[in-house]
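J.: Listed below are the residues making up each chain.
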Amino acid sequence: MNAAAAAFKMQLRLALRTPNYWMVQISTIPQVIIFFSVIEAFDRPDLLINALLAPILMAMWSTALWTGGSVVRDDRWMGRLELHAAAPVGYGLVVTARVAAVVMLSLLVVPLTLATAWATYGIDIRIAHPVVLVVALLLTAAAITGTGMIFSSMTILSRAATTFQSSASYPFLLLGGVFVPLALLPVWARPFGRLVFLSWGSDLIRDSVTQPVVTALPWRLAAIVVLGAVGFGVAQWLVRVVLYRVRATGEIAAP
Amino acid sequence: MTAALRIARNAALVGYLDVRAQYTWKSWLFGWIVRATAQVLFFTAMGLLVGGRDLVLFAFVGNVAARAAQAPLGTGPDTAWERGLGTLPLLVVAPRSMLPVFGGRSAFYIVQGLVEASLIFVILAPFVGFSGNWWWLPVGLLAISLGAYGLGLFLAAIAIRRLRIGNILFNLVFYTLITIGGVNVATSVFPTWVQRTADLLPLHHGLLGLRELLATGPSRGAFGQLGLELLVGVGWFLIALVGFRLFAEGGRRDGTIDLEE
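The listed protein sequences correspond, in order, to chains D and P. For the first sequence, position 146 matches number 146 in the numbering used here, and the numbering has no gaps at all. Heads up: take any position in the second sequence, counting from 1, add 1000, and you land on the numbering used here.
For the record, the hints were derived by calculation from the structure and aren't laboratory data. Please note that the accuracy of each hint is not assured.
[Said to hold, decoys possible] So the derived list for chain P, only partly shown, Cβ under 7 Å to chain D, looks like this:
1) Arg1035
2) Gln1039
3) Trp1136
4) Ile1168
5) Asn1171
6) Leu1201
[To be verified] Simulated restraints on C-beta separations:
7) D/Arg194 to P/Pro1126: 23 to 31 Å
8) P/Ile1239 to D/Leu217: 49 to 57 Å
9) D/Met1 to P/Asn1010: 53 to 61 Å
10) D/Met10 to P/Pro1089: 28 to 36 Å
[Stated by the list, open to error] With the Cβ distance kept under 8 Å, some of the chain D side facing chain P (calculated, not the full set):
11) Ile26
12) Ile33
13) Leu47
14) Ser169
15) Val214
Note that the Cβ used here is the ideal one computed from N, Cα and C, for glycine as well.
Work the whole structure out from these sequences, hints included.
T.: Dropping the structure here:
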């Protein structure tokens, strides 16, 4: 656990000093305006929460993918992967702690989004169930950390994996219903979307803001937890398998 | 002039080989194109919730066009990368300007933007139910790619000076283009000063021209807009020319070309 805490703190300090880390966060500002200009142009004030939530989840998911990928890639390029492979602490745990640090930091896009919306479109929002909102947001952040790692582990395998890793961004956001709820996607796409934790998270977060009563709350929270945990489990297993493989093939330091 | 063109041509060949080395056809098609297609689909799908079919088709054409602008804009961060590789001191001691080198170096992105955007259009057009003069698509996309390339070179002139902000600048500029350039909503919904800003940036005029070509076929208005797009690109190209000159000469004079961050 000490190793995880140290990795978490180290990544936090590193992120604060890395301009590239802030890239995703800063891009949130124009993205907020994109969604707001659309709902404003079509006169749909009822979709306010969709327009607020989409840039937030997009930034958090991109952070997990990009930073998660670069953590592993940089470890390899800098020759730290060999040391991790030889260390008694599981590498998966270290990467999880580091990704968790940047995902936690990416929650800063919540006030950034609200401030941008307020400054550009004068938005003032009332939240029906603040506690549910906070719990759903934190669980979604945890699930983003666990699942995002699946794609970082792939970057150990090959250089092309970086391209495949980036391919996880928009399909997940689409199936995760971050702007358009899953219920409006074609029927055949919905079962796939239900397997993506993000679809449960985004539905619940929207409901916590707008609905007078949030129905089936325990089940919906459980869905985020279970799918996030599955993602986390798969990611840990993948890191072990991939590390074992590159050790066996002698390609641990290969670019 | 011929020497500059020769340098640009050789640099373009290097750029092409560099792109080839970055991707295998599998990682390009199943990685990059899948991602880019999903991105276009993500914004196009907004029409399912708001705006209906009108927005689906509007955002579809807009986001396809934005893909044609994205690759050439990448000239910015990629040129900064070149500085990290240590190419610059050699270019500074060489007797010629850096612009033909970097201008050629990333010229393949114009082709890449055009091809990728066209491919995404072909993949998605049947699903979104597009009907229009699709055969005019490459003409409009080429103008947009060229316009964006001018701005990309300007970003390169800045990024090469401030290496660490190259990616941030690229992202901010790209998202600004798709926010105010008429990609998801018409630029006319924004305040006047935003519309005037969009006038000075690539994508806005090119997209107006492209939409007209796709809807009603060739017209003076459509080609006029494409002409404006090219003019905007040339404007940024000239500013980039000054930028490269200032950077190279400033760096040569004070000896910071390889050290300054």
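J.: Next, verify each hint and record whether it holds.
T.: So, going through the hints one by one against the coordinates:
1. Arg1035: holds, 4 Å
2. Gln1039: holds, 4 Å
3. Trp1136: violated, 26 Å
4. Ile1168: Result: holds, 5 Å to nearest chain D Cβ.
5. Asn1171: At about 5 Å, which falls below the 7 Å cut-off, the nearest Cβ of chain D leaves the hint on asparagine 1171 of chain P intact, so it holds.
6. Leu1201: violated, 13 Å
7. D/Arg194 to P/Pro1126: 23 to 31 Å: Once the Cβ atoms are compared, 26 Å apart, the range 23 to 31 Å for proline 1126 of chain P and arginine 194 of chain D holds.
8. P/Ile1239 to D/Leu217: 49 to 57 Å: Once the Cβ atoms are compared, 56 Å apart, the range 49 to 57 Å for leucine 217 of chain D and isoleucine 1239 of chain P holds.
9. D/Met1 to P/Asn1010: 53 to 61 Å: holds, 56 Å
10. D/Met10 to P/Pro1089: 28 to 36 Å: holds, 34 Å
11. Ile26: holds, 6 Å
12. Ile33: This interface hint holds because 5 Å falls under the 8 Å limit.
13. Leu47: This interface hint holds because 6 Å falls under the 8 Å limit.
14. Ser169: Holds. Min distance 6 Å.
15. Val214: violated, 21 Å
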